[in-house]
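Those protein sequence lines, which keep their order, are chains A and B.
By the count of this note's numbering, the first sequence reaches residue 112 at its end, each step adding exactly one.
By the count of this note's numbering, the second sequence reaches residue 227 at its end, each step adding exactly one.
It is possible that part of the hints are untrue.
[To be verified] Taking lysine-lysine pairs in the DSSO-like style, the calculated list, with each CA pair at most 27 Å apart, reads: (1) K150(B) x K182(B); (2) K95(A) x K115(B); (3) K150(B) x K9(A); (4) K95(A) x K44(A); (5) K95(A) x K57(A); (6) K44(A) x K14(A); (7) K9(A) x K95(A); (8) K182(B) x K44(A); (9) K57(A) x K9(A); (10) K57(A) x K14(A); (11) K182(B) x K115(B); (12) K57(A) x K150(B); (13) K95(A) x K150(B); (14) K44(A) x K115(B); (15) K150(B) x K128(B); (16) K150(B) x K115(B); (17) K44(A) x K150(B); (18) K9(A) x K44(A); (19) K57(A) x K115(B); (20) K44(A) x K57(A).
What the hints contain is simulated information worked out from the structure, not anything from laboratory work.
Chain residues, written in single-letter form:
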Amino acid sequence: NAGVTQTPKFRILKIGQSMTLQCTQDMNHNYMYWYRQDPGMGLKLIYYSVGAGITDKGEVPNGYNVSRSTTEDFPLRLELAAPSQTSVYFCASRKNLADEQFFGPGTRLTVL
Amino acid sequence: AQKVTQAQTEISVVEKEDVTLDCVYETRDTTYYLFWYKQPPSGELVFLIRRNSFDEQNEISGRYSWNFQKSTSSFNFTITASQVVDSAVYFCALRSDNYGQNFVFGPGTRLSVLP
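So that you can see chain B by itself, here it is in the shape it has in the complex (with noise of 0.2 Å):
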């Protein structure tokens, strides 16, 4: 079976507050991909980060970060400097080869960032 928690359901945070959200992964699969995915207040889903499971260099763009690490099966999203713009809910989703096209989807964290 495939599962992703978010154990966080709602976060809040002070304008330039570091804040880290969490996922943790379950899949009996050798390959596999994760991804984190945004969605604001407005509803769209804005994908932000693709990581296959060969690949556990951590990547960072501007103030976000992720830290992969496949021996406690978490893929982790940290965003540093936090802003206003930044208040959304995240979702960290896995799909991997033998479970076809079905991307499973954590359900959710929700992160508000107070001025």
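With the rest of the complex left out, here is chain A (with noise of 0.2 Å):
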């Protein structure tokens, strides 16, 4: 298994661009979450899904949009993009709600 697979690793954007977070999973986990990482802080939620067709907001939403037409991919989309939205970005994805996460490797995002 590949395990949570994110892409790209590295991106730098203008204000107001827009782009897509790619995350995919092979382990036929049911819920699968976008974190944000700013510089020196913890993880915060912005979004989740708990299956194929279902979303749901988290902590940290606006600016964000999600999707999750199959088990294995849970894409991040970002519309205009702001400075604000600089961060790292982790996907991560678990089987059962007693599990642990298993996160991706990240995607480093500086808006400028």
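Combine the two chains into a complex, taking the hints into account.
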């Protein structure tokens, strides 16, 4: 298993540009998550999904959108990039409610 | 409300010293899960341990040990005979059934092990 994969690893955006961060897991996990980690801080939940076709907001959803058309994929969309979205973005998944989360390697995004 | 506090922002030790990372949590739920993750300089997040609220038994895994005490709402992590490779940021996290999917992460403790 490749686990949780994320692309791209790095990206620089200009203010107002849009992009999609890709996340794929091959473990047949039901639950998937997007977090952001600002410098020197812990992780904050942006969006999550409990299964294909179902998504919900986390703690900091503004400026982002997600979709979950398949069990494997959970892309995160930034429509109008702002400097405040400069962060490292982590995708995670888990099988069941009691399980730990498995994290992808992260995407480092800079908005200038 | 749920909250995880890691009061130690940064810790520096010399190799072979023992070090304890503190984690204090807040939740009103009776069923919850506690986690520790390691984030080495390369940036990935590595799962270390999960504990549920009904299991207060301490755990040892090699040089790592965890002390879970519900009476003080703490889930502390001790590294014995620390090594340079232990240098990382360590996060404590909490999830409880009544708060659904949200894992609440502490701010992390940066551990530097000096040779």
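Below or equal to 27 Å on CA atoms is what counts here, so check K57(A) against K115(B). Status holds; Cα separation ~19 Å.
Straight-line alpha-carbon gap K44(A) to K57(A), limit 27 Å: Holds, at about 11 Å.
Starting from K95(A), check that the Cα of K44(A) is at most 27 Å away, please. Within the cut-off at roughly 20 Å; holds.
Please verify whether K44(A) and K150(B) have alpha carbons no more than 27 Å apart. Distance ~16 Å between K44(A) and K150(B) Cα, so the pair holds.
Against the 27 Å threshold, does the CA-CA distance of K182(B) and K115(B) hold or violate the hint? Status holds; Cα separation ~15 Å.
Measure nothing beyond the straight line between the CA atoms of K150(B) and K115(B); if it is 27 Å or shorter, mark the hint as holding. Holds. K150(B) to K115(B) sits at ~19 Å (cutoff 27 Å).
Restraint status (C-alpha distance of K57(A) to K14(A) at most 27 Å): It holds: about 25 Å lies between the C-alpha atoms, which stays within 27 Å.
Does K128(B) lie within 27 Å of K150(B) when you go C-alpha to C-alpha? holds, 19 Å
Given hint K150(B) paired with K95(A) - CA-CA distance at most 27 Å: holds, 20 Å
Pairwise hint evaluation, K44(A) against K9(A), where the allowed Cα distance is 27 Å at most: Judged against 27 Å, a Cα distance of about 19 Å means the pair holds.
Would the pair K150(B) and K9(A) pass a check requiring their Cα atoms to be no farther apart than 27 Å? holds, 20 Å
Has the given pair, K95(A) with K115(B), been kept, meaning a C-alpha gap of at most 27 Å? holds, 24 Å
Checked against the numbered hints given earlier, the structure satisfies every one of them.
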